[in-house]
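A.B. asks: One letter stands for each residue in the lines below.
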Amino acid sequence: KAGVTQTPRYLIKTRGQQVTLSCSPISGHRSVSWYQQTPGQGLQFLFEYFSETQRNKGNFPGRFSGRQFSNSRSEMNVSTLELGDSALYLCASSLDVTGGAGETQYFGPGTRLLVL
Amino acid sequence: SQQGEEDPQALSIQEGENATMNCSYKTSINNLQWYRQNSGRGLVHLILIRSNEREKHSGRLRVTLDTSKKSSSLLITASRAADTASYFCATDGVWAAGNKLTFGGGTRVLVKP
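Chain order of the listed sequences is A and B. For the first sequence, our numbering begins at 1 and goes up steadily by one. For the second sequence, our numbering begins at 1001 and goes up steadily by one.
Simulated from the structure, these hints should not be mistaken for lab results. Don't be surprised by glycine CBs; every beta carbon is placed ideally from N, CA and C. Hints are not guaranteed to be accurate.
What the simulated footprint calls covered on chain A by chain B, stretch by stretch (three residues with Cβ under 8 Å from a Cβ of chain B suffice, anywhere in the stretch; the number is not a length) [to be verified]: (1) 15 to 23; (2) 50 to 62; (3) 65 to 77; (4) 107 to 113.
To list a few chain A residues with every Cβ distance to chain B over 12 Å, as calculated [to be verified]: (5) Lys1; (6) Gly3; (7) Pro8; (8) Leu11; (9) Ile12.
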């Protein structure tokens, strides 16, 4: 089975632009979560999608948004990019047979975003 | 914000030695998981321990959980150069359904050949 895939792997943008990142979960996985990793703040939860609905949300401004499609693929969007948005964005998927808690999450390789 | 701290922040050992790292968290949890990350790449799941478990083993890994102290430890026995990576603990709290992991700051482990 193919693992979690994320595209693109690397991205360079300038301040004020917007960006869309894509995540394809493992086949059959219904939950997709997004995390931001920076040297200063570490790994922080952005949001989680299940059945095309946002089920959990972290403490990020409204510039960060996401969605999930009927095939469980997910995208996240960051509008009006700031220098501080430079980070590794990780996507994770899980089967979600138990309602989520206690399930292994499988992470993709990440998208490294650099904002200039 | 991060759930807690990991200790030490960095660890350097010789191949064959054991590596121990600790994780503390702040709120009640359902489960605690450990992940490994190589050089800023994706996270690899290592082991999950539930709040009603005290110890768990998987190959060369041993995890303990003390919910009264809100802490966990990960022991890697007979370390290898390939174990060089950052190790993160992650918790999911009792407050909501779904997947929402809160990560510690990580321990960077260097295993010297």
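A.B. asks: State for each hint whether it applies.
C.D. replies: Results for each hint:
no. : hint       : verdict
1   : 15 to 23   : violated (count 0)
2   : 50 to 62   : holds (count 5)
3   : 65 to 77   : violated (count 0)
4   : 107 to 113 : holds (count 5)
5   : Lys1       : 15 Å, holds
6   : Gly3       : 8 Å, violated
7   : Pro8       : 15 Å, holds
8   : Leu11      : 15 Å, holds
9   : Ile12      : 16 Å, holds
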